[in-house]
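Trainee: Below, each chain spelled out in residue letters.
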Amino acid sequence: MLVSDELRIPIVNEVDIVEARRGGRALAAELGFGLSDQALIATAISELARNILQYARTGELIINVAHNGTRKGIDVVAVDQGPGIADPDRAMQDGYSTGAGLGLGLPGTRRIMDEFQLETGIGRGTRVAVKKWVA
Amino acid sequence: MTDVLGAEGQATASPFTSEEQAALADVWEVYHRHYDEVTAVTLTAAQADPALHDLLLAQRADGARADAERARSLHMTEAALREGQWQPYLANLREQGGRYARGGLPIASWFPLVTAAQSVIVVRLVEAYAAAPQRLQAALTALNRWLFDLTMATIAEQYLDTRESVIKQQQEAIKELSTPVLPLRPGLILLPVIGLIDTARARQLTEQLLEGVREHRARVVVMDLTGVPAVDSAVANHLLQTVRAAGLLGARAIVTGISTANAQTLTRLGVDVSGLETTTDLQRGIEDAEWLLRRLAAHQPLNGATAAHEGTP
Amino acid sequence: MSARILKQGDILIGSIHAALPDADILRFQTELAERVGKHRSRAVIVDVSGLDVIDSFTARTLQDITRTVRLKGAEAVVVGIQPAVAFAMVQLGLFLDGVRTALDLDDGLELVRDGLLDRHARVG
Chain A
820 MLVSDELRIP IVNEVDIVEA RRGGRALAAE LGFGLSDQAL IATAISELAR NILQYARTGE
880 LIINVAHNGT RKGIDVVAVD QGPGIADPDR AMQDGYSTGA GLGLGLPGTR RIMDEFQLET
940 GIGRGTRVAV KKWVA
Chain B
19 MTDVLGAEGQ ATASPFTSEE QAALADVWEV YHRHYDEVTA VTLTAAQADP ALHDLLLAQR
79 ADGARADAER ARSLHMTEAA LREGQWQPYL ANLREQGGRY ARGGLPIASW FPLVTAAQSV
139 IVVRLVEAYA AAPQRLQAAL TALNRWLFDL TMATIAEQYL DTRESVIKQQ QEAIKELSTP
199 VLPLRPGLIL LPVIGLIDTA RARQLTEQLL EGVREHRARV VVMDLTGVPA VDSAVANHLL
259 QTVRAAGLLG ARAIVTGIST ANAQTLTRLG VDVSGLETTT DLQRGIEDAE WLLRRLAAHQ
319 PLNGATAAHE GTP
Chain C
147 MSARILKQGD ILIGSIHAAL PDADILRFQT ELAERVGKHR SRAVIVDVSG LDVIDSFTAR
207 TLQDITRTVR LKGAEAVVVG IQPAVAFAMV QLGLFLDGVR TALDLDDGLE LVRDGLLDRH
267 ARVG
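Chains as they are written, first to last, in the working numbering: chain A, 820 to 954; chain B, 19 to 331; chain C, 147 to 270.
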């Protein structure tokens with residue numbers, strides 16, 4: 820049974836990261852992504868959810884099926900009302916990190932996914948939208 | 019002329035105008051009346067074509083089925099020519115075209131069949147409507163449109179679609195074949211990379227290598243790039259990542275066969291190859307790999323040593 | 147659905163399963179370190195074959211585990227990273243620098259038993 824409704828996962832604590840990963844991975848599997856891609860997608864989702872917790876405390880992950888003509892894929896949006904990213908350009912450089920973690924994982928996420936979009940600003944929260952298409 | 023090849027499965031407007039459709043009804047009358055003759059002539063033409071000849075033999079073996087199919091096609095042709103019901107006719111045509119295309123019948127083989135049928139029908143049309151030149155003209159024109167603009171064009175499109183999907187399948191198969199992981203000895207695998215690598219192939223390469231490491235429990239991987247004419251920075255980074263990923267699975271990688279040209283390209287691109295263990299050629303690479311394996315098997319700590327340090331000949 | 151730690155002589159084997167929230171992973175790290183001290187273990191094998199995702203947090207934790215148990219006199223090996231997971235990790239730039247890895251538990255035990263681990267080991 821194909822999940823046609825969107826999956827909305829509030830990110831409030833770390834258990835939600837696990838749920839986001841699971842939900843994303845399940846949808847990816849249903850869409851026909853191979854194991855490698857499933858791992859990529861689940862990892863990207865994990866990073867995005869983690870960023871929300873780490874920098875904004877709370878937010879939401881919205882996972883959908885993406886359509887483009889006959890192509891299908893997965894659409895993930897991570898959104899929060901946190902402080903926003905002060906210097907997005909720097910955040911998109913490899914190796915950049917402000918927190919105690921290994922970095923925001925945004926450059927890596929962009930590498931993994933087919934489409935990547937970052938909207939942010941100081942005091943304006945952050946929205947990361949990514950898509951990956953089934954090969 | 020309305021678009022005869024409307025989107026698949028959709029009820030589109032008829033491929034013919036009402037005048038043409040009327041003329042096609044005349045065509046049907048003549049065709050139907052002389053059906054046996056048309057069939058006989060078509061059969062003769064078919065037998066002259068080696069590809070079709072074999073097909074006919076196969077059909078003769080399953081006579082009942084061939085007959086049923088022919089009856090079905092005729093019925094659909096009637097509904098199309100007399101009543102303007104083109105969708106079932108076209109659907110049947112596409113299915114047949116696809117089937118023969120996949121079966122390997124050359125598209126050229128269809129032409130003698132169609133022209134053979136046409137030749138008979140034209141003669142009989144002239145006979146039937148000699149006294150009504152306008153009607154004859156309309157019928158001849160409609161016949162041409164039916165046989166070539168519609169029927170042959172539909173078949174040709176099927177061949178194109180089929181050809182594309184076959185090509186795609188073959189490309190996948192080639193991809194699989196051209197990056198095999200070869201176990202050389204316990205713990206040592208070789209990945210010969212051949213041809214131009216795009217991102218998709220590089221991805222597949224990585225996946226196959228990692229699976230190979232897991233399956234063969236490889237401790238050392240020799241990745242040979244002798245057969246790779248050109249690398250760009252994207253591919254180079256992919257290779258680096260492949261090496262790193264293999265490392266996470268406990269395998270060390272030796273990259274061999276980087277041509278002078280490729281080496282210069284990599285240098286120029288500023289690709290960081292400091293973490294990469296490389297050797298000039300495949301043979302040397304395998305020797306180094308075996309040295310590594312021996313050290314590992316003898317449970318001697320490596321302490322950062324490599325074959326180069328040992329000064330192997 | 148939690149982490150397990152087994153003792154085999156002077157070797158500790160810890161397995162992390164998927165769906166383990168961060169707090170539990172940190173608890174696992176703490177407990178490993180404590181048991182190394184308690185049993186005077188000389189090596190720790192961390193089995194992550196149950197993980198279908200290793201993200202930046204997990205990667206950092208694995209590095210922390212390696213460093214922590216080293217401070218207590220033991221060596222660490224991470225085993226069982228799945229091919230698809232390894233692929234995703236390197237894409238994301240998680241290279242596990244400083245962490246010794248092996249294919250699976252068997253290989254990890256072999257490394258440990260034969261004293262192959264050296265203090266300055268680097269991955270790959």
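Derived from the structure by calculation, the hints contain no laboratory data. Computed from a prediction, not measured in an experiment: that's the story for all the values here. The reader is advised that the hints may include incorrect statements.
As the list claims (entries may be wrong) - Output of the computed footprint for chain C on chain B, the stretches with three or more beta carbons under 8 Å from beta carbons of chain C: (1) 124–136; (2) 199–206.
Said to hold, decoys possible - Examples of chain C residues toward chain B, derived with CB under 10 Å: (3) His-185; (4) Val-225; (5) Asp-250.
Beta carbons: idealized from backbone N, C-alpha and C, even for Gly.
Trainee: Please write out, lowest number first, the hints stated earlier that are contradicted by the structure.
Mentor: 1, 2, 3
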